[in-house]
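Here the structure of chain A is known, so what remains is to put chain B in place on it, guided by the hints.
Number of protein chains: 2
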Amino acid sequence: MTIERVSFVAGACGEWRIQSVTAITGAGLPVATHLKRQEGGEPEDGATWTLRGVRSHQRYTQRPEAATLMARQAGLDRHDASHGALLPIVKSEAWWHLAQDDRRAIFEETSHHIAIGTEYLPMIARRLYHGRDLGEPFDFLTWFEYAPAHSAAFAELLSRLRATEEWRYVVREIDIRVVRS
Amino acid sequence: MTIERVSFVAGACGEWRIQSVTAITGAGLPVATHLKRQEGGEPEDGATWTLRGVRSHQRYTQRPEAATLMARQAGLDRHDASHGALLPIVKSEAWWHLAQDDRRAIFEETSHHIAIGTEYLPMIARRLYHGRDLGEPFDFLTWFEYAPAHSAAFAELLSRLRATEEWRYVVREIDIRVVRS
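Protein chains in written order, with the numbering used here: chain A, 1 to 181; chain B, 1 to 181.
No wet-lab data here; the hints were simulated from the structure.
It should be emphasised that the depicted structure is a prediction, and the values quoted were computed from it without experimental measurement.
The beta-carbon is built from N, C-alpha and C at its ideal position, and this holds for glycine as well.
Among the hints, a few may not be true.
Sample of chain B residues at the chain A side, in silico, Cβ under 10 Å [to be verified]:
(1) 5
(2) 58
(3) 76
Covered stretches of chain B (chain A as the covering partner; in silico rule of three or more C-beta atoms under 8 Å from a C-beta of chain A) [said to hold, decoys possible]:
(4) 29–38
(5) 60–67
(6) 125–134
(7) 157–163
The shape of chain A in the complex, shown without the other chains (with noise of 0.2 Å):
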């Protein structure tokens, strides 16, 4: 549980080719070619943007959520998961002012994030990276890891949680869509 940080630099190279750059809600980011998610140390410069975050503990899972998402959950870096994306999110000022139970109603109860989540493991890899204490553009970073063949599964993912009452809460949302290099 110690705090990680991790950049995603998007330049002229790195080990994922960039294939589109979506602005789903608000303003989006430049184009570039390729990304790097790095773990630890400092990126170099020169990069066309970089966004940041920490790999920190849960906000909202529960004991039994926590056991599930354990014995399903798949590591990153799997040899057949050459697509991948990165999901950067900014949640409303209406959402931080709520008062902590009402944020997991709304998360769970309501949107069912974690049931949603769990259920395309362990196809869609997922880590999620928290940037708003570190006063970073984006509230989360969330990167996803999937086979060719988990596309269409990956995409019905994003299309239920993007359904749901947790999302209302979401003023933007960019999706940055990568395979291997």
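Same frame as chain A, now just chain B:
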């Protein structure tokens, strides 16, 4: 709910004169004569030490508790609140590995952290800053302000909190007492 950065700067000047720096659990901090609490901006160089954090959203407070706190809370910088205290705290890895519901249960249902603090409002004003996601040495920096007449009440508040189940997860705590210069 904008993220506001804070720096607690210990050195040769500042609006608060340091009376004591006591290591309650774990390693202490070097002695200095003055303390400055600076929200926003970048502190000057030359400090004996600087502790950083952010004001951020509430992590455990439920809606009725938030309403009670809002109704009873006291602001900082009250004319008669000439005494202050800074309590930097680190919680154990075991704490951060707990699920959200387990942390909440220890925090409030077992340890009554919010309920105890509320009893001392508006006498003891309090502001919490988070440092963990920033990679700072302390997970929390809690700042208190109170009138001299409420010194005994403040001692009682700390004594009650330190006797809780929650405090068994505190692996480093420093108690810094100050008075207005």
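Exercise for review: State the violated hints by number, sorted upward, taking the hints as numbered earlier in the document.
Suggested key: 3, 4, 7
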